Amino acid sequence: MTSRVFEVFRRERAGAPMQHAGSVVAPDARFAEIYAREQYGRRGESEALWLVPREAVGEIDEFVDEFDLKYRRVDGYSIKERLREARARAGTSLRDLPGGR
Amino acid sequence: MDGRTEEFLANVQSGGLVEAGDWMPDEYRARLTKFVEMHANSELMGVLPERDWILRAPTLQRKLALTAKIQDEAGHAQLLYRVVEDLGKPREACLDDLIAGRAKFHNVFHYPTKSWGDVGVIAWLVDAAAIISQKALLKCSYAPYARIMRKICWEESFHILHGRDIVLTLVTGTEGQRELVQEALDRWWKPLMMFHGNPIPAEDDPMVHWRIKSQANEEARQQFLEGYVPEVWELGLTLPDPELRRREDGTWEYTEPDWDELRAVVTGHGPASEERIAFRRLSREDVDWVSRTVLAEAA
Ligand SMILES: [Fe+2]
Ligand SMILES: [Fe+2]
Numbered sequence: 001m002t003s004r005v006f007e008v009f010r011r012e013r014a015g016a017p018m019q020h021a022g023s024v025v026a027p028d029a030r031f032a033e034i035y036a037r038e039q040y041g042r043r044g045e046s047e048a049l050w051l052v053p054r055e056a057v058g059e060i061d062e063f064v065d066e067f068d069l070k071y072r073r074v075d076g077y078s079i080k081e082r083l084r085e086a087r088a089r090a091g092t093s094l095r096d097l098p099g100g101r
Numbered sequence: 001m002d003g004r005t006e007e008f009l010a011n012v013q014s015g016g017l018v019e020a021g022d023w024m025p026d027e028y029r030a031r032l033t034k035f036v037e038m039h040a041n042s043e044l045m046g047v048l049p050e051r052d053w054i055l056r057a058p059t060l061q062r063k064l065a066l067t068a069k070i071q072d073e074a075g076h077a078q079l080l081y082r083v084v085e086d087l088g089k090p091r092e093a094c095l096d097d098l099i100a101g102r103a104k105f106h107n108v109f110h111y112p113t114k115s116w117g118d119v120g121v122i123a124w125l126v127d128a129a130a131i132i133s134q135k136a137l138l139k140c141s142y143a144p145y146a147r148i149m150r151k152i153c154w155e156e157s158f159h160i161l162h163g164r165d166i167v168l169t170l171v172t173g174t175e176g177q178r179e180l181v182q183e184a185l186d187r188w189w190k191p192l193m194m195f196h197g198n199p200i201p202a203e204d205d206p207m208v209h210w211r212i213k214s215q216a217n218e219e220a221r222q223q224f225l226e227g228y229v230p231e232v233w234e235l236g237l238t239l240p241d242p243e244l245r246r247r248e249d250g251t252w253e254y255t256e257p258d259w260d261e262l263r264a265v266v267t268g269h270g271p272a273s274e275e276r277i278a279f280r281r282l283s284r285e286d287v288d289w290v291s292r293t294v295l296a297e298a299a
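Which chain is which? The protein sequence lines are U and A, in order.
Here our numbering is used: position 61 in the first sequence is 61, and no number is missing along the way.
Here our numbering is used: position 8 in the second sequence is 8, and no number is missing along the way.
The shape of chain U in the complex, shown without the other chains (with noise of 0.2 Å):
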């Protein structure tokens, strides 16, 4: 019998999000469980911690944005040029405008 890795996830305080920590090797899920306690949780350092076998860890590393789809993001805009036209054109300054800036 061998010993396997275990990921260790930590949630440092209520209200946090579960973060990977680092790992353990362990022959088994007890020893893992004890190997953990004592290396992320022993300075009251963690809130809760989770145990996975790496085996159980599915990992997706890529992303393909065959479609360009970066209209979903803010840097998919640029309304600089197209702003500054509209408003040359309407002959508005943001400044002159009742709460303007």
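FYI, nobody ran anything at the bench for these hints, they're computed from the structure.
Accuracy of the hints is not assured; some may be wrong.
Beyond 12 Å from chain U on every Cβ pair, some chain A residues (computed) [to be verified]:
(1) Glu6
(2) Leu60
(3) Thr169
(4) Gln177
(5) Asp205
(6) Arg263
Heads up, simulated SDA-like pairs for lysine to any residue below, C-alpha to C-alpha not over 20 Å straight-line [stated by the list, open to error]:
(7) A:Lys104 - A:Arg91
(8) A:Lys89 - U:Val5
(9) A:Lys151 - U:Arg37
(10) A:Lys151 - U:Arg42
(11) A:Lys89 - U:Gly22
(12) A:Lys139 - U:Gly22
(13) A:Lys34 - A:Val208
(14) A:Lys63 - U:Arg42
(15) A:Lys151 - U:Arg11
(16) A:Lys151 - U:Ile34
Predicted model, so just to flag it, every value in this text is computed and none were measured.
Cβ atoms here follow ideal geometry from the backbone N, Cα and C, with glycine treated the same way.
Please arrange chain A with the ligands on chain U, whose structure you already have, making use of the hints.
Structure of chain A with the ligands alone, referenced to chain U:
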């Protein structure tokens, strides 16, 4: 250098980060593994000089604090060996190499301790020197190592304070207690000046080239001198180097350490090297039945 390696190098040099499962050039993996392994070994061997003082600590409070520090350091070794394992070298192989004298650990852990003064000076100044290097490693291109370093630096924060507190208690005590600190400083200054290594320029350092390290050796030593020499002097203590002074430009001048001695010490020829490795060998044999039982039970 092939195209893939060139691309990898350009990426890490411009701040790119590498994860455990990513492809990496053999040279990067080999250098990184060796470096982190030495770091892990140092944490593990570093507890031995302090361990000798648990039973001799002067008060219960000191005993508890020292034990907590030692537990932290042993924990650092555990965290770092995990990083090494994910890079491909099993922990068992690291420990085998360590007790066979094939692996390195930091020079300061090859020296004996003589009094409680040494315990104060080690926790204060050896940990201070170490934390300077460890803080610089927060910027390491290998992200799993950098992340573990964040946890380690956080845990280290009380070690230096614990050491300084011991030193302050001794220098405000009797003449004899003050003497203990001065003697310990006299003993530890040379090894401390060697701690950050010979002043190899950053551009010639392959560890900097791959952005495993981001701080040149001399830069680390200067930071150490700037931070801690004034704190030693303000206690009326002296350091055994007549050349030691702060230049106009803020850099420190000092007597060039004997780099051959450093090389000899880290290759296992220090005054306490053999004893420490022998002790590690003995404890590995002693606890072998535990790992065998645990693994058998889990089978
Ligand atoms: Fe440490
Ligand atoms: Fe420490």
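Here is how each hint holds up against the structure:
Separation of Glu6 (chain A) from chain U is adequate, the least Cβ-Cβ distance of about 22 Å exceeding the 12 Å criterion. Interface exclusion of Leu60 (chain A) from chain U stands, the closest Cβ pair being 20 Å apart, more than 12 Å. The beta carbon of Thr169 (chain A) sits about 24 Å from the closest Cβ of chain U, which is more than 12 Å, so the claim that it is off the interface holds. Residue placement check: Gln177 (chain A) keeps its beta carbon more than 12 Å from all beta carbons of chain U (closest about 31 Å).
Consistency note on Asp205 (chain A): stated as away from chain U, and its beta-carbon is indeed over 12 Å from all of that chain's, at 28 Å minimum. With 12 Å as the threshold on Cβ separation, the claim that Arg263 (chain A) sits away from chain U holds: the shortest Cβ distance comes to roughly 33 Å. Pair hint Lys104 (chain A) plus Arg91 (chain A) holds up; C-alpha atoms about 15 Å apart against a cutoff of 20 Å. Taken as a hint, the Lys89 (chain A) and Val5 (chain U) pair is honoured in the structure, with Cα atoms around 14 Å apart against an allowance of 20 Å.
Between the alpha carbons of Lys151 (chain A) and Arg37 (chain U) the distance comes to roughly 15 Å, so the proposed pair stays at or under 20 Å and holds. Between Lys151 (chain A) and Arg42 (chain U) the CA atoms are separated by roughly 13 Å; this keeps the pair inside 20 Å, and the hint holds. The straight-line distance between the Cα atoms of Lys89 (chain A) and Gly22 (chain U) is roughly 17 Å, inside the 20 Å bound, and the hint therefore holds. Taking the CA atoms of Lys139 (chain A) and Gly22 (chain U), the gap is near 18 Å; set against the 20 Å cutoff, the hint holds.
As the CA atoms of Lys34 (chain A) and Val208 (chain A) are separated by approximately 15 Å, the hinted pair is consistent with the 20 Å bound. Simply put, Lys63 (chain A) and Arg42 (chain U) have alpha-carbon atoms about 18 Å apart, close enough for the 20 Å limit, and the pair holds. Between Lys151 (chain A) and Arg11 (chain U), the direct Cα distance comes to roughly 14 Å. Compliance with the 20 Å bound is thereby established for this hinted pair. With a CA separation close to 19 Å, the supplied pair Lys151 (chain A) and Ile34 (chain U) stays within the 20 Å bound.
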